[in-house]
Amino acid sequence: MRDFLFASGFSAPASVALWMTVASIAASLLLLLYTLELRLRRGFRERRRAGAVAHWRAIIAAAVTGVASTRTAAPKLRRGERREVLRLWMYTRSMLEGAAADRLIALARGLGLVELVRRQASHAHLGTRLMAMQALGYMRDADSVATLAAATDDGNTLVSMTAAEALTAIDPARAVARLMPKIASRRDWPRTQVFTMLQRAGSALISEPLYRCIRSAADEDAAYLLQFAEIAEFDVRDALALELLRSSGNPELLAAALKVATGHAPIPRLDELLAHPAWYVRMQAAKLVGRMGRAKDAGRLEKLLADEEWWVRYRAAKALARLPGMGAADLEQIRLRLDDRYARDILSLAIAETGTR
Amino acid sequence: MVDELVHAIEWTFLAYFAAINVAYLGQCLFAVGRVRRYLKSSAIDDLDRTHSTGHLPISLVVPAYNESKSIVTSIKALLQLEYPDFEVVVVNDGSTDDTLEKLIAAFQLYPYPEAYRKQVPCRPVRATYRSARYRNLRVVSKENGRSKADAANAGINICRNPLVAVVDADGVLQRNSLTRAVRPFLENPETVAAGGAIRIANGCTLREGFLEQVGLPRNPLALMQVLEYLRSFLFGRMGWEPLGAVLIVSGAFGIFRRTTLIEVGGFNPQAVGEDMELIVRIHRVMKQQRRRYHIGFIPDPVCWTDAPESLKDLASQRARWHHGLGQALMLNRWLILNPRGGTVSWLAIPFYVLFELLGPVIEGFGLVFFIAGAAFGAIAADEAVVFLLLALSLGMLLSICAIMLEEFSFPMYRKRRELALLYAAALLENFGYRQLTVWWRLKGFFRWITGRRHKWDTITRSASVGAG
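Taken in order, these protein sequences are the chains called A and B.
As numbered in the working numbering, residues 12 to 368 make up the first sequence, in order.
As numbered in the working numbering, residues 4 to 471 make up the second sequence, in order.
Any given hint could be a false lead.
Unchecked claim - Pair by pair, the computed Cβ-Cβ distance ranges are: (1) A:A37 <-> B:T15: 39 to 45 Å; (2) B:W337 <-> A:S258: 49 to 55 Å; (3) A:A37 <-> B:V364: 28 to 34 Å.
As the list claims (entries may be wrong) - Covered stretches of chain B, going by a simulated chain A footprint (3 or more residues, C-beta under 8 Å): (4) 90-104; (5) 113-122; (6) 151-161; (7) 392-402; (8) 408-422.
What the hints assert, rightly or not - Derived pair list, reagent style PhoX-like, types lysine-lysine, alpha-carbon separation capped at 25 Å: (9) B:K121 <-> A:K314; (10) B:K315 <-> B:K446; (11) B:K121 <-> A:K329.
It should be emphasised that the hints constitute simulated quantities derived from the structure, not laboratory data.
Glycine is no exception: its CB is placed at the ideal position from the N, C-alpha and C atoms.
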């Protein structure tokens with residue numbers, strides 16, 4: 012072995028260097044070949060995908076417009092094309108409602124896509140599972156409700172959220188009743204996504220279950236749920252907000268209630284809220300005063316311009332600049348009589364932003 | 004006696020070569036794992052995102068100094084990014100050309116009394132402007148702070164969103180860069196900073212500030228840098244991510260939680276490599292406070308940047324980077340082998356000290372040792388050639404690894420000719436280019452050692468970037 016290694020007559024370190032060189036050149040060549048193989052495989056996949064997309068796009072378009080009979084016109088879906096066709100189908104379906112969507116669902120049933128995505132809804136691969144659950148929602152597959160309902164308890168946020176969205180797409184009324192109590196406990200669900208989901212269900216459907224959940228929830232959960240009251244019907248929003256503003260001492264809950272109050276009804280304890288020790292309560296109170304839009308509240312807002320918290324000053328200044336009858340000259344007068352430099356700065360900013368110049 | 008000494012040095016070099024390459028190849032393996040996970044999770048992008056509006060508002064801070072030629076195109080492109088909620092804050096860092104005037108004219112800026120709190124240090128602000136055409140565009144004009152860090156700090160003070168992306172004024176972003184870059188923050192609430200892969204824009208075709216066609220540069224220096232960027236981003240940084248030890252988020256595009264930036268004091272205007280210094284400092288502060296945090300890195304190319312095409316510019320850039328590396332490590336030396344520092348202290352920092360900071364010193368010494376040894380007869384000429392061949396083949400292996408990773412993850416260079424050119428560059432960079440970079444980095448190393456302040460340079464831009 013030693014003779015073989017040192018056959019070149021090199022010293023020990025040079026021999027090791029030589030073998031390391033040979034090994035690294037060999038590894039480089041192998042990697043080069045692997046890279047070429049990767050490229051060839053990718054090219055093949057892309058060509059196959061492009062062919063399938065071109066073929067099925069025409070079939071899907073015909074189904075959407077109702078030009079073709081969906082069942083007879085569609086050729087058999089090949090195994091290798093399923094993923095691409097499903098992707099194309101979902102993309103098209105995401106843009107359609109009404110009769111065109113119904114025709115598209117009929118096409119999916121004709122092609123056996125429903126059975127496929129039902130099986131995939133419990134697939135081990137996350138991406139496949141999520142896509143399948145979303146597709147079940149698009150297909151309004153009532154037979155999958157139990158599977159999707161179970162998935163809303165999944166620890167993975169994406170899985171549970173996608174399942175919740177699919178349920179709402181299949182049967183909004185039953186989904187809202189089922190999901191509303193869960194929303195407060197699933198803080199991992201992105202708020203904006205929950206918001207969009209409830210908005211799609213519609214204010215008429217969510218108002219009553221939301222009201223019941225908030226009234227029976229602990230302060231922290233109620234404060235969380237209140238943010239979704241913005242999409243509830245106006246009378247429910249105000250009823251909730253005013254009840255809580257009257258009875259609660261929890262700053263988070265107060266801020267949330269101030270945020271959803273429409274400002275059409277008189278606000279209890281308004282001055283107390285404008286001077287609340289928690290800055291976010293003061294900020295929401297200032298915003299609400301702006302929404303109420305009463306010129307007589309200018310003095311209340313003026314006091315907040317010198318607040319220690321930037322956001323309170325900013326919201327107060329914006330609300331002040333938007334009060335009815337508040338013109339550029341009035342704002343300038345207020346600015347000139349302010350002693351506090353921060354108050355003057357923030358009012359100048361609000362004047363510039365609202366364009367009251 | 005001389006033979007024994009020579010052999011001892013030879014063994015030392017072999018051990019160093021073996022260690023450095025095992026470390027790099029280990030990074031490559033980690034990077035492969037990371038890319039596979041990323042590609043699997045990116046199947047989620049197939050989902051209909053109309054349901055998913057889970058975005059975090061972002062402020063794009065764009066420091067600009069004498070960017071008159073390209074600033075309007077760049078900002079117009081930024082304003083067209085596909086993201087639901089973002090603002091652009093351009094910081095004119097006391098430009099001596101007509102950068103500000105061009106911005107005022109192009110975006111109908113009007114003076115605007117911005118009320119902000121100075122939370123990180125920066126030179127005084129002269130004026131703030133708002134665009135009458137774009138509600139999400141503001142411009143800050145400040146006194147020149149002689150560093151990008153100072154300008155970025157002014158932007159951090161003024162911006163309002165919870166995430167701040169600091170972007171080079173001449174950087175070219177992909178339309179979906181923000182959507183991709185925000186993913187680490189959505190996936191892990193402990194993320195405080197994230198970066199993405201940066202690619203070289205030289206040779207690419209741009210239209211109205213966006214990338215129209217990817218291509219390789221004709222300039223050989225820029226071509227070599229394409230390969231370096233692939234190595235640096237595809238496994239240099241991605242390999243560290245699963246270990247929680249990313250030490251650099253490129254200054255060309257980095258995204259940060261604003262509260263974290265303020266907490267650590269913003270960018271350091273005294274730092275030569277302000278991007279690396281900031282990330283190392285974030286690690287230090289978080290470790291010192293025993294807080295859980297995450298610094299993310301996404302393999303997607305999010306930003307394309309212009310590489311220097313002249314030897315002078317490149318030499319200056321490399322010396323500056325190396326100087327910055329030494330300074331960043333020294334300023335945050337608390338992290339070095341600190342029992343509380345985890346993988347950052349025990350893996351990443353020793354790696355950067357041993358292989359990155361001291362790399363050119365050792366490599367330079369090795370080169371001189373083997374050439375001089377062969378010339379003076381202390382080493383057999385054929386043995387010296389074997390050692391030089393080893394250095395060459397290992398360098399080539401790493402470059403080929405990077406090309407493989409590129410093909411495996413997000414292949415941008417799709418033509419056969421481009422792949423061939425990359426392989427040619429992997430071979431040819433070992434003849435002259437690599438030795439030159441060793442020399443430039445050595446200069447940076449000695450500048451750091453002697454504490455000389457680096458002169459700020461203006462890089463001559465290639466025609467492709469900023470045009471049209």
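Against the structure, the hints come out as follows:
For the hinted restraint 39 to 45 Å between A37 of chain A and T15 of chain B, the CB-CB distance of approximately 25 Å leaves it violated. The supplied range of 49 to 55 Å is met by W337 of chain B and S258 of chain A, whose beta-carbon atoms lie about 52 Å from each other. Checking the proposed 28 to 34 Å range against A37 of chain A and V364 of chain B shows it holds: the Cβ atoms sit about 30 Å from each other. Proximity of the stretch 90-104 of chain B to chain A, defined as three or more residues with a beta carbon under 8 Å from a beta carbon of that chain, is not established by the 0 residues found.
Check result for the stretch 113-122 of chain B against chain A: holds, 5 residues qualifying (beta carbon to beta carbon below 8 Å, three or more required). Coverage of the stretch 151-161 of chain B by chain A is violated [criterion: at least 3 residues with CB-CB distance below 8 Å; count 0]. Remark: the stretch 392-402 of chain B is confirmed as covered by chain A, as 6 of its residues place a Cβ nearer than 8 Å to a Cβ of that chain, reaching the required three. A count of 4 residues in the stretch 408-422 of chain B with a Cβ less than 8 Å from any Cβ of chain A is obtained; the coverage claim is therefore met, three being the minimum.
At roughly 24 Å between alpha-carbon atoms, K121 of chain B and K314 of chain A fall within 25 Å of each other, so this suggested pair holds. A threshold of 25 Å between alpha carbons decides the hint, and for K315 of chain B with K446 of chain B the separation of about 13 Å falls inside it, so the pair holds. Among the hinted pairs, K121 of chain B with K329 of chain A is consistent with the structure: their alpha-carbon atoms are about 21 Å apart, no more than 25 Å.
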